[in-house]
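Participant: Sequence:
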Amino acid sequence: MALKKSYPKKDPTKCKVTFTVEAEAARDVKTITIAGDFNSWSSTANPLKQGKDGSFSVTIELEKGKEYQFRYLLDGKRWENDWAADKYIPAPFSHTDNSVVIC
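So the sequence shown is residues 1 to 103, counted in our numbering.
There's no promise every hint is true.
Using C-beta positions, here's what the derived DEER-type ranges look like [as the list claims (entries may be wrong)]:
1) Asn39 / Pro90: 18 to 26 Å
2) Gly76 / Asp97: 17 to 25 Å
3) Lys77 / Lys14: 16 to 24 Å
Derived DSSO-like pairs: lysine-lysine, alpha-carbon spacing no greater than 27 Å straight-line [what the hints assert, rightly or not]:
4) Lys87 / Lys4
5) Lys64 / Lys30
6) Lys16 / Lys66
7) Lys4 / Lys49
8) Lys10 / Lys64
9) Lys30 / Lys5
10) Lys77 / Lys30
11) Lys87 / Lys14
12) Lys66 / Lys87
13) Lys14 / Lys77
14) Lys9 / Lys49
15) Lys49 / Lys14
16) Lys87 / Lys77
17) Lys77 / Lys9
18) Lys9 / Lys64
19) Lys52 / Lys10
20) Lys30 / Lys10
21) Lys5 / Lys66
22) Lys52 / Lys77
23) Lys52 / Lys5
24) Lys66 / Lys9
25) Lys66 / Lys49
26) Lys52 / Lys16
27) Lys87 / Lys64
28) Lys64 / Lys49
29) Lys4 / Lys16
30) Lys64 / Lys16
31) Lys4 / Lys52
32) Lys16 / Lys30
33) Lys30 / Lys4
34) Lys16 / Lys87
What the hints contain is simulated information worked out from the structure, not anything from laboratory work. From the three backbone atoms N, C-alpha and C, an ideal C-beta is built for every residue, glycine too.
All chains, full assembly: derive it from the sequences and hints.
Facilitator: Structure (structure tokens):
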């Protein structure tokens, strides 16, 4: 899993983050969505698209200078953290951690 950040020159208040789940982690998975602070924890708002190499990714524009919690939902039933998250914090409603991206 990977996070790639870019900062558009046209709008210095934004940060574009590409969230990627590599083919190795997505083996036998048909759908992946991302849920987090940035989409009110919607499990359907931001589906990742599968690439030819078997990886899944989506780019989301976020506000620079903030931290966002998120997790991936694989096939609508299994939650996973990002192995390359900037940090992890305890989830408020379960006995697990959430991934965090810092913009």
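Participant: With reference to the structure, classify each hint as holding or not holding.
Facilitator: Hints versus structure:
1. Asn39 / Pro90: 18 to 26 Å: holds, 21 Å
2. Gly76 / Asp97: 17 to 25 Å: Taking Cβ atoms as reference, Gly76 and Asp97 lie about 21 Å apart, which means the hint holds.
3. Lys77 / Lys14: 16 to 24 Å: Cβ of Lys77 to Cβ of Lys14: about 33 Å, so the range 16 to 24 Å is violated.
4. Lys87 / Lys4: holds, 15 Å
5. Lys64 / Lys30: Cα-Cα ~32 Å, so violated.
6. Lys16 / Lys66: Holds: Lys16 and Lys66 sit about 12 Å apart, inside 27 Å.
7. Lys4 / Lys49: holds, 16 Å
8. Lys10 / Lys64: holds, 13 Å
9. Lys30 / Lys5: Distance of about 26 Å is within 27 Å: holds.
10. Lys77 / Lys30: Distance of about 11 Å is within 27 Å: holds.
11. Lys87 / Lys14: With a Cα-Cα distance of about 20 Å, the restraint between Lys87 and Lys14 holds, given a limit of 27 Å.
12. Lys66 / Lys87: holds, 13 Å
13. Lys14 / Lys77: violated, 31 Å
14. Lys9 / Lys49: holds, 26 Å
15. Lys49 / Lys14: holds, 22 Å
16. Lys87 / Lys77: holds, 23 Å
17. Lys77 / Lys9: Since the Cα atoms of Lys77 and Lys9 sit roughly 38 Å apart, the hinted pair is violated (cutoff 27 Å).
18. Lys9 / Lys64: Between Lys9 and Lys64 the Cα gap is close to 12 Å, so the pair holds against 27 Å.
19. Lys52 / Lys10: violated, 31 Å
20. Lys30 / Lys10: violated, 36 Å
21. Lys5 / Lys66: Status holds; Cα separation ~13 Å.
22. Lys52 / Lys77: Satisfied, since the Cα-Cα distance of roughly 24 Å is no more than 27 Å.
23. Lys52 / Lys5: With a Cα-Cα distance of about 22 Å, the restraint between Lys52 and Lys5 holds, given a limit of 27 Å.
24. Lys66 / Lys9: holds, 18 Å
25. Lys66 / Lys49: holds, 25 Å
26. Lys52 / Lys16: holds, 22 Å
27. Lys87 / Lys64: holds, 17 Å
28. Lys64 / Lys49: holds, 24 Å
29. Lys4 / Lys16: holds, 8 Å
30. Lys64 / Lys16: Distance ~9 Å between Lys64 and Lys16 Cα, so the pair holds.
31. Lys4 / Lys52: holds, 19 Å
32. Lys16 / Lys30: holds, 25 Å
33. Lys30 / Lys4: holds, 23 Å
34. Lys16 / Lys87: holds, 18 Å
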